[in-house]
Amino acid sequence: MIIHDVICPFCGCLCDDLELECEGGKIIKVQNGCALAESTFMTDTRLPAPIRRTESGWEEISYNEAIKETAEILQGADRPLLYGWSSTHGEAQSVGVHIAELIGAVIDNTSTVCHGPSILAIQEVGHPGCTLGQVKNRADVIIYWGCNPIEAHPRHMSRYTTYATGFFVPDAQRERTVIVVDTRRTDTAGIADEFVQIEHGGDYAVLSALRAIVRGKASVIPAKVAGVSKEQLIRIAEICKTAKFGAIFFGLGLTMSRGKYKNIRNAIELTDELNRHTKFVISPLRGHGNVYGSNEVFTWMTGYPFAVDFARGIAFYNPGETTAVDILRRGECDAALIVASDPGANFPRAAAAHLAKIPTVVIDPHVNATTALARIHIPCTAAGIDAAGTAYRMDGVPIRLKKVIDRGYPDDAEILKKIYDRLNGGKGP
Amino acid sequence: MRVILESKVRAKPNLPIEAEAIIPRNFLKGTDLLVYEGNKERTLSELFWIFVEGTAVSPENIEVILKGDTSRIKRVGEYMDTGSIVIEGDIGMHCGNFMSGGTIEIRGNADSWLGREMRGGTILCRGNASHYCATGYRGEKKGMQGGKVEVFGSTGDFCAEYLAGGTVHIHGSAGDFPGVEMRGGELIIEGDATRPCGNMKSGSCVILGTVHDMLPTFEKTRQRVLPEWKITADVYKGDVANRGKGTLCVRS
Amino acid sequence: MKCILNTGRTVPQGVSVEHKGADVYRTIASSCFLNPVDMMILGIEDGDRIRVTTPTGHIVLTARPAEGVARNEIFVAIGPYANHIISSETHGTGMPDFKSQRVDVEPTKEPLKSVGELMEAIGGLRYDHT
Amino acid sequence: MTEIWVKNACVIDPLNHINGEIMDIAIRDGRIVESVSDRADVIDAQRCLTLPGGIDSHTHVSGTKVNFGRYMSPEDMRAGRTKRKGKMHVTSGYYVPTTFGNSYRYSAMGYTTLLEGAMAPLEARHTHEEFTATPHQDMMANTLFDGNWAVMDAVREKDVRKTAAVVAWTLKAARGYGIKLTNPGGTEAWGFGEDLTGIHEMVPHFAVTPAEIITTMMRANELLKLPHSVHLHCNNLGKPGNYQTTLETFDIVPDLNPDRQTLYATHVQFHAYGGGTWKNICSKAEEITSSVNSRPQIVMDMGQIMFGRTMTMTADGPMEFNLHCLHHNKWSNHDVELETGSGIIPVTYSKKSAVNCIMWAIGLELALLTKNPYQCLLETDNPNGAPFVKYPEIIGLLMSKRYRDEECATLHPETEKRTSLCALERELNWHDIAVMTRAGQAKALGIVNQGKGHLGIGAEADIAIYPIRTDSVDPAREYRKVVEGFQKTRYTIKRGRVVSRDGDIIVDGANATFWVDAMVPEDLKMENDPEFIKRFEQFYTVRMSNYPVQDVYLPRGRRIETEVFT
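Line order of the protein sequences matches chains A, B, C and D.
The first sequence maps to residues 24 to 452 in the numbering used here.
The second sequence maps to residues 2 to 253 in the numbering used here.
The third sequence maps to residues 946 to 1075 in the numbering used here.
The fourth sequence maps to residues 66 to 631 in the numbering used here.
Be a bit skeptical, because a hint or two may be false.
Pairwise CB distance ranges, derived in the manner of DEER restraints [unchecked claim]:
| hint | chain 1 | residue 1 | chain 2 | residue 2 | range |
| --- | --- | --- | --- | --- | --- |
| 1 | B | S101 | D | G568 | 30 to 40 Å |
| 2 | A | K380 | D | K599 | 52 to 62 Å |
| 3 | C | G1002 | A | R430 | 34 to 44 Å |
| 4 | B | P14 | C | R1047 | 28 to 38 Å |
| 5 | A | F191 | B | W230 | 55 to 65 Å |
| 6 | D | E471 | A | G99 | 50 to 60 Å |
| 7 | B | V53 | A | G99 | 27 to 37 Å |
| 8 | B | T44 | A | E78 | 37 to 47 Å |
Heads up, simulated EDC-like pairs for lysine to aspartate or glutamate below, C-alpha to C-alpha not over 20 Å straight-line [to be verified]:
| hint | chain 1 | residue 1 | chain 2 | residue 2 |
| --- | --- | --- | --- | --- |
| 9 | B | K41 | A | D101 |
| 10 | D | K150 | A | D67 |
| 11 | B | K13 | A | D67 |
| 12 | A | K267 | D | E259 |
| 13 | A | K253 | B | E220 |
| 14 | D | K148 | A | D67 |
| 15 | B | K9 | A | E222 |
| 16 | C | K947 | A | E222 |
| 17 | D | K290 | D | E587 |
| 18 | D | K148 | B | E21 |
| 19 | D | K148 | B | E42 |
| 20 | B | K41 | A | E95 |
| 21 | B | K143 | D | E587 |
| 22 | A | K253 | B | D214 |
| 23 | A | K49 | A | D67 |
| 24 | B | K13 | A | D101 |
| 25 | A | K426 | D | D616 |
| 26 | A | K440 | D | D573 |
| 27 | A | K240 | B | E42 |
| 28 | D | K152 | A | D444 |
| 29 | A | K264 | D | E259 |
| 30 | D | K599 | A | E42 |
It should be emphasised that the hints constitute simulated quantities derived from the structure, not laboratory data.
Beta carbons: idealized from backbone N, C-alpha and C, even for Gly.
Just need the whole structure built from these sequences, with the hints factored in.
Structure representation (C-alpha cells):
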C-alpha cells in the first residue's frame, strides 16, 4: 500500500510530501524524504513493554502497574518536573499541562535547551516573521546565521529557500543570494554566495555593527569586528538593504553561544531596522518536529511557551529559575516524568545525573540514554508513525500528523490521561 | 522589635522555599505567616525557629534577622516598604523584589534576581550576587526603577539589565553584559566587565577596571576626569546600534 | 591545548538518535572534529583518541580532522559524550554553554566509553536494547 | 432530560419585541420551550435583568496571532493569574489571557457566543484547537481572504462565480464561518513591505483594487447565500484623514440582502479620523454615522478604545509596522503565504495623549450618533481597543451622560475641541444595550435561525441574568451599579446548563463551533479545478491534501449548509 503526502515528524520542517510504502504493518520504503526521514520511518525499533528498575536489574511490568506506580511517584512529590514533549503531538502535550497544573509541577519542553533563548528575545522585542511559503515565493536574499540546515534540516533549502521555485522567484538558484554566517566553515557555508566567518562568541558584536551600518553610522565601526572586516560588513548591509525580500534563519549558533538570547534580540532588531528599508523577516530553525507545538500548547493553556512552574497553583515563568536544566542542576526536583525526549543524552552531566537520584519515569517509544537513569520506562506510539495528532511547523503552521501503521502500542496521550485520572481521584480533566 | 528566624534542618534541603511573607511589616501582627516549600504550603514555624525580642508599634522599627541555611529561600523582602532585614548567610533568588523602602543586608552571597524591579530602599550584599542583579522581569520594559543596590563582591551576567532608575554599585567585577538595555539610572562597576551596556538607550555607567570585548557600536567622545573616583575616563556615547544616548565611562 | 568546544546537530547523529545503544551511535557521538593544524600540533592522526577536560570532568573521544573547524575549536555532535563535560551553568537563561565550553585537549590511549557506561557513571543502569 | 424553570425574570428580548416584561422561561435539553415539568430545577431571577446570552461579533481570542500575543508577553501573563478552582483551570493574562481565561471571563459577563475576527485558512487548525480550549462559548471564525491569490485572480477576471467557488472551497477547508477582508489588497502589498493608500489603488502584481475585491466579494457572498455578510476591516486603518476611505467604501456597498446588512464594517472608530497628521487628527464620527444612518445595508461595530495597557493584533501587517515605528515597543509580524498578513504590538492608551482621547471619544460618538442600534454594535475589537472585560464600562458610558462628562473632565483638553462627544445628550436605554450586545450581533451574523440572540420558543437556551433591577436603578445617575452589574452575571446559562454563577464557572464546557459549508454547482468545485490544484501545489508549502481541517478538530462542529446557486 502506498500512502501519499505523509508528514515526517522528525524536525521542525515537517515536510508533508513523503510517500510511504507499507506492507503487512511495516514500512518498507520512504520516498521524497531526507536521510533523517528515512531512518525515522524505517529503523524504528521500540521498547517492547514497560520496564521497571529493581535491585536486581530491569523487569518487565504491565501497563497498569507502570501507570499506577507513575501516579504514586508524582502524587507524593513536593517538586515534580515534567519534561520533554517535543516529539509527540499536541494532544499529549495538553494532557501533560493538565497534570502539571493538578499536582503543582514544573513543566518544561525541549526548547529550554534549543530555542528557549529565542523565545526570551522575542519576549523583549517581538518577532517579525512569516510562513515559509512567503520566503519561498518572494525572498531574493537568504541568510543562514549560526545554523547548518544541510545537517539539521536537510530539506529546508530545497523546499523553502535556496533551491525552491517561488512565484516571484522562478529561477531560484540564480535569483537568490545566500549568505551564511558561522564560526565554522560548514557544508552550508560551502553553497553560500557570501560566507562570513565570525570569531567564537562574536555574533553579538557583528550584529550590533550591522545595525549601526544600516542606520548610516558606519563611521563608528572599527576595521574589524570579531574577525569580520568592515568592508564585508558594509557589503552585507548593502545586499540586505537592496533586497526585495530578505529572510534570516538562525539556529543554535546564536541561542547557545555566549550572550544567548541577547544575540537573537540583536538579530531581530537588525531585522526591524532593515524593515525601514525593505521587507525583512527572521525565523528560528526549530529542531524537534513538534517543539513549536509544545510552545503553542503551553502558551494557550498557561500563558507561557516553556518553563512553567505551578508550585504555587498559578502559572509562574522565569527561565533560569524554572527551566529544567536549572531545576535539575540545583537538585530541586524530587520526581520526574520525561515524555518524548532524552535529557539523559542532551543535558549536561550534572543535570542528567540528578534524574538517577530521584524516581524518574520515561514515556517514550524508544530506548534512549534516559532509560538508564529511569525507574520506569513506558513505551508508547510515535506521533506521525503509529499515532495521528497535531504538530506545529517551525513557522507556526499546524499540520496533522498521520498514523501510517499500527504497531499495537498505546498512544502517549492515553497513558497520560490514565495517569491524570489516577491523580485526580478517577475524574477526567 | 527584632524577629529572628533560624532555619530548621529539612528532609529535602534542596527544595526551594518561597517566603515573600518575610517582610518587616507582616510581623506587626505576629509570626503566623505562610510560606511555601516546593508545592506545599507551610507555616513559618514549620521551617524556622522563631524568636521575637521586644515589641513595635510601627513597621519601620522592625528588624528581621535570618540565620542558618537560607540559600534556598526565595522572595525574602518582596514588596518590602519599610524596616530592615538582615540575612546572616546566603540568600536565595528574588530577594527584595519590588522593594520600595527599608534596608536589606545580606552578609553572604545573593542568588539571582537580587532587587528585581526594585522601586526604592537599599540592598547591601556583602558577598557576591549572581545573575540578573538589579534587573527586571521577562518582557517588561523597565527593570529596577529606584533605590540602591550595593554589592561588595562581584556579580554574574546581565547585571542591571533594563536599569531605568536608581543606583547599582558593584565593588567587584560584573560578568557579561552589565547594563544591557539600560535606559536610565546609574551603574558603577569598580572591577572588570565584559561587553558592558549593550543596546543601552540612556543612563550612565562607570567602569573602573578592565573592559573586555568592548562593543564596536560605542562612540568615543572625549576624556573626562571623574573626581569622585579619582580617575580619568574615556567617555563613550551609545549604543549607536540603538540610537542610544547613554554614557559609558571607562578608565583611560 | 586550550580550545572551545562547539556542539551541534549532524545528519549521522540525527539518523542514529533513536538507537543510542548501538555502536554506530557511539562512533558518531564520540567523534571530535579538529582543525588539521591543531591535530598536527597535538601529534595525533585521524582516529586517535583524545582526552578532553573541563572543570566538570573529562571524556575520551576519537579525533577526526575537519577543515571547516577553526583553530582552537573542536566540534562534537550533540549527545551524551559532549554533555559529559559541559557545565550545567545557564547564566540565568536556562541554556547551558553548549557552544562555548572552554576545554583542554590532549592525546590519550584511554579507551572510549559506551553510552551505557556514561549513564552508569552517573548512577544509571543500562538497558541493553538496540 | 434536563429542565430549568427561570421565574420572575425581567426580560429584554429585542428580536421578540419584549422590553422589560417580568416573565418565566422554560428550558428543556438546551432549548427554550413552552413549559417544563414540575421536576425542573427552579431559578428565581428575582426580577433581575435577563437577556439572551451575549454575543461578540468581532473579537480576537483564538489562533496563531492571538497565541503569539500571549507568547511574547510574559509581563501581561502575570497581570491576571488565577489558581485552579473547582472546575476552573489555571488562568493567566489580562489583555491576552489564556483560552480558559478568555472563556471564564466572557462567561462571567454573560457572553455565550464569540466570533473570532480573523483566521488565516492555512493556520485554521490552530484556531480550532484553541476553540476547543475555550469551552464555554459557541465559536465561529471569520476567514481571511484579503490577500488570497486565487480570489484576486478571480476578481481580476471579474468572475463572481469563480470568486464564490474559491470562497466556498476555502471556508470548507478552514471550517470557517464567513468572509473577512482585512485591509484588502494591502496585506498582499505588505508581502514586499508596501501598503495601499486607497480603495482604487492597484494591488502590485495582481492588477486589482481593494474596491474591486470588496465589491466582488460582496456579490460572491450573496451568491453563496452565506449567513453573514462580508466582514470588512477597511483600508487605511488608524491613519489621520482615513474617514474619506471609509466613506468611499460605504459608497460602493449595494443593498443585496433583505434580511441583513450587505457589509459589516468592523472597528469603525479606527476608521473615522479627520485631519492629515497626528497633530491635527479629529473626529469624523458625524460624517461616518450620517452615511450609515442612510444606508441600512451597512452594520458597523464600535472598536471602542479604553484607557490603559493592551495589545493590538490584526491581520493588517503594514498598519502594525507603522504603529510600531511610533511606539518603539516590541513588534511581531506574521505574513501567511498566498493569503494574508498579521502584526502585533503592545500599546498603552493614555489620557495624557490627545490622540488617544480623541479615539476614545470617537467610538462613543459613533454609538450615540447611529440612530438604529442594530447598526452600531458594541465591542472593542478585543484586545485592540481594550480587553473585553471593559465592556461594562462602555455600557455605563453609553447610558450615562454624567459618567461621560466626569470622564471627559479628566481628558486632554483637545478632546472637547476636536470631537462632539461633550455635546451629545443621548443616553442609551436597556433595550439599546440589549440590541448592541446580542440581538444586533445575532442578526448581523445570521445566527438568529440557529437560535441565537433571542429567547423565543425553540431558541438555544443561552441566557444571562444580571444582578440589575432595571425598575430601581437609574443608569444615568447610578452608572457604577450598571457597570458592576454587567461585570458578573448572577447566572450564565449556556445551552440549558448553568455554567457560571456569580463569576465562577461551575461545570465543564461543551461549546459548539459553527461553520459554513457553502454549496456550489458541480462545475465550480475547486477541488476538481486542475489550474487551482497546480497553483496550490506549486506555491503553498503544504500539500493540498494536508490543508483542510479534519473533523476531529471540531468535536462539536455545527455545519451550516447553504443552498446551491445556479
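Here is how each hint holds up against the structure:
S101(B) and G568(D) have their C-beta atoms about 31 Å apart, which keeps the hinted 30 to 40 Å range intact. Restraint check, K380(A) to K599(D): a C-beta distance of roughly 59 Å satisfies the suggested window 52 to 62 Å. Judged by the Cβ atoms, the range 34 to 44 Å given for G1002(C) and R430(A) holds: they are separated by roughly 39 Å. Taking 28 to 38 Å as the suggested C-beta distance range, the pair P14(B) and R1047(C) conforms, at roughly 31 Å.
Roughly 58 Å separates the CB atoms of F191(A) and W230(B), a value that falls within the hinted 55 to 65 Å. Against the hinted window of 50 to 60 Å, the Cβ-Cβ separation of E471(D) and G99(A) comes to about 57 Å, which satisfies the hint. Under the hint 27 to 37 Å, the C-beta atoms of V53(B) and G99(A), about 35 Å apart, fit the expected range. The hinted range of 37 to 47 Å is satisfied by T44(B) and E78(A), whose Cβ atoms lie roughly 39 Å apart.
The suggested pairing of K41(B) with D101(A) holds, with an alpha-carbon distance near 7 Å, which does not exceed 20 Å. Of the supplied pair hints, the one linking K150(D) and D67(A) is violated, its CA atoms being roughly 43 Å apart against a limit of 20 Å. For the hint pairing K13(B) with D67(A), the CA-to-CA distance comes to about 40 Å; that exceeds 20 Å, so the pair is violated. In summary, the hint linking K267(A) to E259(D) is supported, as the alpha carbons are separated by about 11 Å, within the 20 Å threshold.
The straight-line distance between the Cα atoms of K253(A) and E220(B) is roughly 16 Å, inside the 20 Å bound, and the hint therefore holds. In summary, the hint linking K148(D) to D67(A) is not supported, as the alpha carbons are separated by about 41 Å, beyond the 20 Å threshold. A hinted pair counts as satisfied when its Cα atoms are at most 20 Å apart, and K9(B) with E222(A) does not qualify at roughly 50 Å. Distance restraint check for K947(C) and E222(A): the Cα-Cα separation of roughly 15 Å lies within the 20 Å cut-off, and the hinted pair is therefore satisfied.
At most 20 Å may separate the alpha-carbon atoms for a hinted pair to count; K290(D) and E587(D) meet this at roughly 17 Å. Distance check on the hinted pair: K148(D) and E21(B) sit about 18 Å apart at the alpha-carbon level, within 20 Å; holds. For the hint linking K148(D) to E42(B), the alpha-carbon distance of about 14 Å falls within 20 Å, and the restraint holds. For the proposed pair K41(B) and E95(A), the alpha carbon gap of about 17 Å is at most 20 Å, so the pair holds.
Only pairs whose Cα atoms come within 20 Å are accepted, and K143(B) paired with E587(D) is rejected, the gap being roughly 60 Å. Of the supplied pair hints, the one linking K253(A) and D214(B) holds, its CA atoms being roughly 17 Å apart against a limit of 20 Å. The suggested pairing of K49(A) with D67(A) holds, with an alpha-carbon distance near 10 Å, which does not exceed 20 Å. Only pairs whose Cα atoms come within 20 Å are accepted, and K13(B) paired with D101(A) is accepted, the gap being roughly 9 Å.
With a C-alpha separation of about 16 Å, the suggested pair K426(A) and D616(D) falls inside the 20 Å cut-off, and the hint holds. The hinted pair formed by K440(A) and D573(D) meets the criterion: a straight-line CA distance of about 17 Å does not exceed 20 Å. At roughly 56 Å between alpha-carbon atoms, K240(A) and E42(B) are farther apart than 20 Å, so this suggested pair is violated. Distance check on the hinted pair: K152(D) and D444(A) sit about 15 Å apart at the alpha-carbon level, within 20 Å; holds.
Distance hint between K264(A) and E259(D) is fulfilled; the C-alpha atoms sit about 15 Å from each other, no more than 20 Å. Under the criterion of a C-alpha separation no larger than 20 Å, the hint pairing K599(D) with E42(A) is consistent with the structure, at around 19 Å.
Checked against the numbered hints above, the structure breaks hints 10, 11, 14, 15, 21, 27 and satisfies the rest.
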